[in-house]
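With the hints as extra help, turn the sequences into a complete structure.
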Amino acid sequence: MSDDRDSLQRRGLKLGHLQLIAELAETGQLGLSALRLGIAQPAASRMLAEMERIVGQDLCLRTGRGMVLTPAGLALAARAARIRLEMRDAAREMEEHARGAFGNVRIGAVTAPALEIVLPVLRTFRLTHPGVTVDVAVAPSDTLNTQLLDGQIDFALGRLPAAPAEAALLDMDEMGDEPVSLLVRRDHALLAGPLRDPARLLEFDWVIPGGDSPLGRAVLAHLARLGLPPPPRRLSTASFLLTLALIQQSNAIAPLARAVADQFARGPDAPYAELPIDLGIVVAPYGLLTRKGAILPPAARLLARAMLNAGRRTAG
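The C-terminal position of the sequence shown is numbered 316 in UniProt numbering, with every residue numbered one higher than the one before it.
Just so you know, these hints were derived from the structure itself, not from any lab.
Small disclaimer: the values here were computed from a predicted structure and weren't measured.
Incorrect hints may appear among the rest.
[Unchecked claim] Derived CB-CB ranges, DEER-like:
(1) Pro120 with Thr237: 26 to 34 Å
(2) Asn309 with Glu166: 24 to 32 Å
(3) Ala43 with Thr237: 45 to 53 Å
(4) Asp150 with Pro232: 23 to 31 Å
(5) Asp278 with Phe102: 42 to 50 Å
(6) Asp173 with Ala91: 19 to 27 Å
(7) Ala75 with Asp269: 54 to 62 Å
(8) Ala167 with Thr237: 21 to 29 Å
(9) Ala199 with Arg36: 53 to 61 Å
(10) Thr237 with Leu37: 39 to 47 Å
(11) Gly16 with Gly267: 54 to 62 Å
C-beta: ideal position from N, C-alpha, C; glycine also.
Set out below in structure tokens:
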């Protein structure tokens, strides 16, 4: 059985210590960290010395340019940052309890779930919870994961990081796979007749996210399974707006999540169309991502539950 008689808290580690080490991890400067905490630099220096005495290890190395955290310092700073986020969320939760059905929720989503899940859910949620404001960031999963771990958003609809160490910092409630369609401009030459040979696609430019993105990896891997090389003429960009502009003004082909392609190719007057060929490309599952073990404030919890239910209905 564990014994907390020699715990850091009993040895004198306080919230102020944790706030300082978290700031040092961000700034690398004792003076700037002290300024951000509203304390004098000598006081910050004393707090750092206290921390090192309490943990029994060096936490920082002084350099000509500031401070570099030791491995022990980095480990403590990571936990301190998480505690700081939990304290901030606790303050938000208390405020929301005091105010009733009010609050602010910050969420993120990759493009397809943003269109297919977030927009429909928000239309209803704004009617049923008019006192809750919602901020939405649409970005690639890597960006959303960083924002989530930094506490900039409460939850995200996206994919886990590829690196196991980073994925271990997040929880995911899976929603479903993401099939891919090929989007082109409405009068593209490949729409003129039957399209049975996938090799014809390689005669045109492609606009694909970078090969390190989930969509980019899925496209290149599936082409290889079909015995096809990577498109010889391709532009890599993570910008959705640039992708749309490029395919509208050229003969380029853009692989996009089918939910996204359907939105922009809908109706007889749409400027885009989906190519009548299914290559069978499917991007890895996405889901609702939260920080490992995090307890969402009430308003965020309500919205996350609505998103999760809608996502599972869509996938089912």
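Comparing the hints with the structure gives:
1. Pro120 with Thr237: 26 to 34 Å: Roughly 28 Å apart at Cβ, these two residues keep to the hinted range, so it holds.
2. Asn309 with Glu166: 24 to 32 Å: At 27 Å between Cβs, range holds.
3. Ala43 with Thr237: 45 to 53 Å: holds (48 Å)
4. Asp150 with Pro232: 23 to 31 Å: Because 39 Å falls outside the window, the suggested range is violated.
5. Asp278 with Phe102: 42 to 50 Å: This hint holds: roughly 46 Å between Cβ atoms.
6. Asp173 with Ala91: 19 to 27 Å: Given range 19 to 27 Å: holds, Cβ gap about 26 Å.
7. Ala75 with Asp269: 54 to 62 Å: Holds, since Ala75 and Asp269 (Cβ atoms, about 58 Å apart) stay within the stated range.
8. Ala167 with Thr237: 21 to 29 Å: Holds, at about 25 Å.
9. Ala199 with Arg36: 53 to 61 Å: Distance hint for Ala199, Arg36 holds at roughly 58 Å.
10. Thr237 with Leu37: 39 to 47 Å: Holds: the Cβ-Cβ distance is about 40 Å, inside 39 to 47 Å.
11. Gly16 with Gly267: 54 to 62 Å: The hinted range 54 to 62 Å holds for Gly16 and Gly267, with Cβ atoms some 59 Å apart.
Hint 4 alone, counting from the list given before, is not met by this structure.
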